[in-house]
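Asker: Same order as they appear, the protein sequences are chains A and B.
Just so you know, we're using my numbering here: the first sequence kicks off at 70 and counts up by one.
Just so you know, we're using my numbering here: the second sequence kicks off at 70 and counts up by one.
Note that these hints are calculated values from the structure, not bench results.
One thing to keep in mind: the hints can contain errors.
Intra- or inter-copy, both count: the list cannot distinguish identical chains.
With a straight-line cut-off of 30 Å between C-alpha atoms, the simulated DSSO-like cross-links for lysine-lysine are [what the hints assert, rightly or not]:
#1 Lys213 - Lys248
#2 Lys239 - Lys136
#3 Lys287 - Lys129
#4 Lys213 - Lys144
#5 Lys213 - Lys136
#6 Lys239 - Lys287
#7 Lys216 - Lys248
#8 Lys277 - Lys130
#9 Lys133 - Lys248
#10 Lys170 - Lys136
#11 Lys248 - Lys297
#12 Lys216 - Lys170
#13 Lys71 - Lys287
#14 Lys248 - Lys136
#15 Lys170 - Lys130
#16 Lys299 - Lys170
#17 Lys130 - Lys287
#18 Lys129 - Lys100
#19 Lys277 - Lys297
#20 Lys213 - Lys129
#21 Lys170 - Lys239
#22 Lys100 - Lys277
#23 Lys297 - Lys239
#24 Lys239 - Lys71
Here are the chains, one letter per residue:
There are 2 protein chains.
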Amino acid sequence: MKRLIIASTSTVHGSGYLEYLMPELEVFFEKVQEILFIPYARPGGISYDDYTHIAARAFKKINKRIKGLHTYDNKPQAVANAKAIFVGGGNTFVLVDTLYKLDLINVLRQSVIRGALYLGTSAGSNITGVSMKTTNDMPIVQPKSFKTLELIPFNINPHYLDPDPDSTHKGETRATRIKEFHTYNTTPVIGLREGSWLEVIDETILLKGTLTARYFTKGNEAIELAPKHKF
Amino acid sequence: MKRLIIASTSTVHGSGYLEYLMPELEVFFEKVQEILFIPYARPGGISYDDYTHIAARAFKKINKRIKGLHTYDNKPQAVANAKAIFVGGGNTFVLVDTLYKLDLINVLRQSVIRGALYLGTSAGSNITGVSMKTTNDMPIVQPKSFKTLELIPFNINPHYLDPDPDSTHKGETRATRIKEFHTYNTTPVIGLREGSWLEVIDETILLKGTLTARYFTKGNEAIELAPKHKF
């Protein structure tokens, strides 16, 4: 049975790392003691050890051990054996490039399909979609492919932001960028605002948190989905 | 002799398409009657014809004819023969993907080195740098390579935005993204604010417009460059 939590962000304004999500994570990870952490998105270029330490400190509050994937000699085996996996945020290009270079894309996908619990935040959520083509990140490295895990039948746009009606800035709004995506692609896109997450139980996908989410499909006006919307 | 105008944006708040730049363009394009327009970045997914029409309408005010590259059967020849070239903004991934697919990257570079006047705005400015790795755009298509024209020895970040001190948003600031770029790359980056442009005359590069620009180099604090700064 496939079980995922796909969160827009690790952190919401005014609260600590993963703090807003901890009550949910305590239930989600109830039956596991240890979580395999994939630190490859490296936010701000920090080291894998430092990033793993941040995750470990947060999960200590619910008595879970965190082990960084970078510490294993046989990484595909570590992913295949894991009962729970957390892929942290950072830069999606760096994350996907590293997963391809270490030949981990397929083993990660298979591990989740076989039942390993999966938590993703931001970049770690982007990669659960069909492709990483709706990331907000800067393309600072060039991955072999933009294809990702396709554990859900759409793409995620994390940290979704509404256009600011008072803005004088001429760069594209998020909604314009996603509309451009649909000029070349047919995959639906969910704009997940900070504080929202998706809970996936097999083929059932539920919008959680208190906010609405913005749902974009090719050729249609975007619509707002209410909390508890079931896909 | 290489001559380029590399602009952050085509349009500044409260003014028409290219309007703020027209006095400069009137001088820059003084000796040419016709400008070859490259519409491949397709902002918002509009058609090449519609985009070319927008450019033609703006340049009519200074009595220049605009011809869209998409209307030529032999596109490499059209680029090689052009005396003046304008690459408009839109999505940098779409632009670079199309230039690679049509095998135009090298011919465009050579044409500018031989003396074709080059105007770029936004995505059209991004591609004058060493790579497109500091674009703000969404990776909606996957180009063969992120390498671009390298007509200048650094990268451009157009539509540069300062961090908003009042923001509650947890997505990365532009400065953080560029810092992450320097974890993996050594190319300097110029954050060009809307309303700024670079004028390139051979190896001399001048910051123009009334705003400062932000200059990022690997391992150093970013610095502000005053208008008229010469690189």
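Asker: Evaluate each hint against the coordinates.
Answerer: Quick rundown of the hints versus the structure:
1. Taking CA atoms no more than 30 Å apart as the test, Lys213 paired with Lys248 passes in both settings, with 25 Å inside one copy and 23 Å between copies.
2. In the homo-oligomer, the alpha carbons of Lys239 and Lys136 lie at most 30 Å apart only across protomers (25 Å), although the nearest pairing inside one protomer, at 44 Å, exceeds that limit.
3. Taking the closest pair of Cα atoms, Lys287 and Lys129 never come within 30 Å of each other, the shortest separation being 43 Å inside a single copy and 35 Å across copies.
4. Proximity of Lys213 to Lys144 under the C-alpha cut-off of 30 Å is found in both arrangements, the shortest distances being 19 Å within a copy and 29 Å between copies.
5. When the C-alpha separation of Lys213 and Lys136 is checked against a cutoff of 30 Å, the pair qualifies only within one copy, where the shortest distance is 27 Å, while the shortest distance between copies is 36 Å.
6. Proximity of Lys239 and Lys287 under a CA criterion of 30 Å is satisfied in both settings, with 24 Å inside one chain copy and 28 Å between copies.
7. Both within a single protomer and between protomers do Lys216 and Lys248 lie at most 30 Å apart by alpha-carbon distance, with minima of 19 Å and 26 Å respectively.
8. Taking the closest pair of Cα atoms, Lys277 and Lys130 come within 30 Å of each other only inside a single copy of the chain (22 Å); across copies the shortest separation is 54 Å, beyond that limit.
9. When the C-alpha separation of Lys133 and Lys248 is checked against a cutoff of 30 Å, the pair qualifies neither within a copy, at 41 Å, nor between copies, at 32 Å.
10. In this assembly of identical chains, the alpha carbons of Lys170 and Lys136 lie at most 30 Å apart only when taken from the same copy (21 Å versus 44 Å across copies).
11. Taking the shortest Cα distances, Lys248 and Lys297 sit within 30 Å of each other inside one copy (25 Å), while across copies they are farther apart (38 Å).
12. When the C-alpha separation of Lys216 and Lys170 is checked against a cutoff of 30 Å, the pair qualifies both within a copy, at 14 Å, and between copies, at 20 Å.
13. When the C-alpha separation of Lys71 and Lys287 is checked against a cutoff of 30 Å, the pair qualifies only within one copy, where the shortest distance is 27 Å, while the shortest distance between copies is 42 Å.
14. For the homomeric pair Lys248 and Lys136, the shortest alpha-carbon distance between copies (27 Å) is at most 30 Å, but the shortest distance inside one copy (39 Å) is not.
15. Taking identical chains as interchangeable, the C-alpha atoms of Lys170 and Lys130 are never at most 30 Å apart, the minima being 33 Å within one chain and 52 Å between chains.
16. For the identical chains of this complex, Lys299 and Lys170 are neighbours neither inside a copy (35 Å) nor across copies (41 Å), given an alpha-carbon limit of 30 Å.
17. Taking the shortest alpha-carbon separations for Lys130 and Lys287, neither the intra-copy value of 43 Å nor the inter-copy value of 37 Å comes in at or below 30 Å.
18. In the homo-oligomer, the alpha carbons of Lys129 and Lys100 lie at most 30 Å apart inside one protomer (15 Å), although the nearest pairing across protomers, at 70 Å, exceeds that limit.
19. Only within a single protomer do Lys277 and Lys297 lie at most 30 Å apart by alpha-carbon distance; the minimum there is 6 Å, versus 52 Å between protomers.
20. For the identical chains of this complex, Lys213 and Lys129 are neighbours neither inside a copy (36 Å) nor across copies (44 Å), given an alpha-carbon limit of 30 Å.
21. In this assembly of identical chains, the alpha carbons of Lys170 and Lys239 lie at most 30 Å apart only when taken from different copies (29 Å versus 37 Å within one copy).
22. Taking the closest pair of Cα atoms, Lys100 and Lys277 come within 30 Å of each other only inside a single copy of the chain (21 Å); across copies the shortest separation is 61 Å, beyond that limit.
23. Taking the shortest Cα distances, Lys297 and Lys239 sit within 30 Å of each other only across copies (23 Å), while inside one copy they are farther apart (35 Å).
24. Taking identical chains as interchangeable, the C-alpha atoms of Lys239 and Lys71 lie at most 30 Å apart only when they sit on different chains, with a minimum of 28 Å there against 42 Å within one chain.
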